Each structure stands twice: as structure tokens, then as C-alpha cells.
Amino acid sequence: MNKTIIIVRIFFLLVSVLGCVLLTYVTDGWSLMPVLFVGMSLAVLVILTDVLLEGFSLRGLSAITFGLAVGGLIAYLISSSPLFEPLEADPDLAETLFLSRLALYVITMYLATVVALRGRDEFNLVIPYVRFSPQNVESSVVVVDTSALIDGRIAAICESGWFGYAMVIPRFVLDELQTVADSSDTARKEKGRKGLEVLNRIRKMKHVDIRIHESAVPDREAVDSKLVYLAESMKAKLLTTDYNLAKLAEFHGVDWLNITSLVKSLNQEVSVGTRVNVELVRPGKDAGQAIGYLPDGSMLVVNNGRKWIGQEIRVEVDSVVPSSGGKMIFATHYPDVAELDR
84 MNKTIIIVRI
94 FFLLVSVLGC
104 VLLTYVTDGW
114 SLMPVLFVGM
124 SLAVLVILTD
134 VLLEGFSLRG
144 LSAITFGLAV
154 GGLIAYLISS
164 SPLFEPLEAD
174 PDLAETLFLS
184 RLALYVITMY
194 LATVVALRGR
204 DEFNLVIPYV
214 RFSPQNVESS
224 VVVVDTSALI
234 DGRIAAICES
244 GWFGYAMVIP
254 RFVLDELQTV
264 ADSSDTARKE
274 KGRKGLEVLN
284 RIRKMKHVDI
294 RIHESAVPDR
304 EAVDSKLVYL
314 AESMKAKLLT
324 TDYNLAKLAE
334 FHGVDWLNIT
344 SLVKSLNQEV
354 SVGTRVNVEL
364 VRPGKDAGQA
374 IGYLPDGSML
384 VVNNGRKWIG
394 QEIRVEVDSV
404 VPSSGGKMIF
414 ATHYPDVAEL
424 DR
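According to the working numbering, the stretch in the sequence shown is residues 84 to 425, in order.
Keep in mind that the hints were calculated from the coordinates and are not lab data.
Honestly, I wouldn't trust all of these hints.
Listed next, the in silico BS3-like pairs over lysine-lysine satisfying Cα-Cα at most 27 Å (straight line) [as the list claims (entries may be wrong)]:
hint, residue 1, residue 2
1, K277, K287
2, K309, K320
3, K410, K368
4, K277, K289
5, K309, K272
Being a predicted model, the structure only gives us computed values, none of them experimental.
Work the whole structure out from these sequences, hints included.
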């Protein structure tokens, strides 16, 4: 995109030079150098304006256009009202009438534009985040929180192809993530960098629809409220691992996606006779026993498995015993084909 813009700017300069040269040929008495100097100065001024507006989004432009249109309409209605009839009746006040109407247009259009820019999050919220298929069906949208990016599991879920939402990442979430990554605290810095790495990993996935929502939050404490507000305004769901934020969204009637619940629901249901792979990490209490853990945190005790500590082996569940911490599973080693051949 940057290379394309540079090419367009160079083309614009070349066209400006050509236009100045042609202007000196068709206009008598104009010399080339002054015209070329004025023309190129104007071209450079236009490009500098373009550079200054680099961070200006299409949403901001649409808000300004809307504000100018509304301000102009209000000024026209006021200037056409009986309020200006005394000035119109007196020819000596024609200049005063013109200046009054000009000031009215400038003031109303300025105020309307400022109001539109301040409320650009309410203005045209849904349209940029809706895709239409040939059947004219809206795609589902999810607003992503900083905690979901730092958690990291969303990247693997997206890679699996099961994530069917258009991901909207607000600008203030990116700013917060960058602030965490630049923190002097080592732990916070690692979390921030992990979140940025996850985001870059997701952006490289061509099948994932990801967009940046240009929105800022002056007060960092209002980030949670702004996330809920955006999700509610766009009729989107909220993707987060923050329990407090999830409860706030639930209070406002906003659905939220819980990655932890998704991971738990994908855990294999273990019952007697189930065969699973488990890594044995330490010895058990009884002789010969070894301890491993399933993905959901359940403790698995392998009888006569102490010699495989530090290795991942396949076991068959013998019994499942409920406990205060969840459940305890007892199993025995189930040799695979390679082990049987040996």
C-alpha cells in the first residue's frame, strides 16, 4: 500500500509539471519558470496535506461530510427564515446581510462537524462491519479484547478454520496492547509482546476477516465500558477472557465468547475403557505409580508407570473416582503396535 501511494504521488507531480508546461504554451506572456515554481509549490503543498492526513480514517471523512451537510442545511434554514427579513429590506445593509450569513454558515458548519467527529463512533457504526453474500446475509461480528489476544489461544482456534466471525479490533485495544508491551515490568512486557505476536499471526491468515476500528478512549478506565458499548452498537459479540468484563457485557445484554469454556468443551470425555495419551511427570504415592495430567487438569494415576516418567505414553482408563478437586483417574499402560513388535 505504501509503495502504491508513493507511485501515485510521483505521478501527481509529473502531471503537475506537464500541466505547468502546457499552461505556459497556451497562455501568452507567461514564462515557464514562475509558472513551474507556483505549480510545483501547490503540488508539494497538496502532498504535504496528504501526509498530514495519513492517520485520518474514512470514518472520520464520512463524519466530516455528514457534519458539513447538516451544518449547511441548518445555516440555510436559518438564513431563509424571517429573522433576516429586516436586513433584506434595507439595501444599505446588504453588506451586513452577506457577512451575517457567511458567519452563520461558518459557525454552524464548524459546530456540526465537531459534533460529528466527536460522535463518529455512533455515526455509521454498522455499515463497515457487515459483509453481504449473494443471499444478502449479514456476517457475524465479534469485538476482541486485549485479554483475548494476550491469552493466545484465539490464534490456534482461527487456524483450525472453526472461527466464523469477522474480528473487529478497536484502536484503543491496540494502544493498550502497545502500552503493555512497552511497560518497564518484565512480566507485563512479555504479555504485551505475546499479544502483538498473536495479532500478527492472525493477520497473516487470509481466511480470517480482521478489521481495525478507529476509535480512541481518553480515559483508560473507560476501556471496558467502551468495549461493551461498541459490541452493543454493532450488535456484535465480545471476545474476552476477562471475567469482570464478561459480566459487565452480560449485564448490558451483550453476548460474549468464553475461550476457556470452548477449550473445556473440547476436552475428551474420559470413562472406563477410554484410551488417551498422557505425559507422566512425577512418581505416585504407591510403589510403581506415576502421575500425569489431562488437558482439563484432571490427575491421572498410571499403575506400574514409574519407568515412563518424562515420557508420553498411551494408557487405558481403569476407573474414575470423583474427588473434591474434580476427579482422579486410574489407568494402566496400553502398549502400541511398535511396543508389541519389540
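Hint-by-hint comparison with the structure:
Proposed proximity of K277 and K287 is supported: the alpha carbons are some 16 Å apart, at most 27 Å. Proposed proximity of K309 and K320 is supported: the alpha carbons are some 13 Å apart, at most 27 Å. The straight-line distance between the Cα atoms of K410 and K368 is roughly 17 Å, inside the 27 Å bound, and the hint therefore holds. Restraint check: the Cα-Cα separation between K277 and K289 comes to about 21 Å, which is no more than 27 Å; the hinted pair holds.
Only pairs whose Cα atoms come within 27 Å are accepted, and K309 paired with K272 is accepted, the gap being roughly 24 Å.
When each numbered hint is compared with the structure, no violation occurs for any of them.
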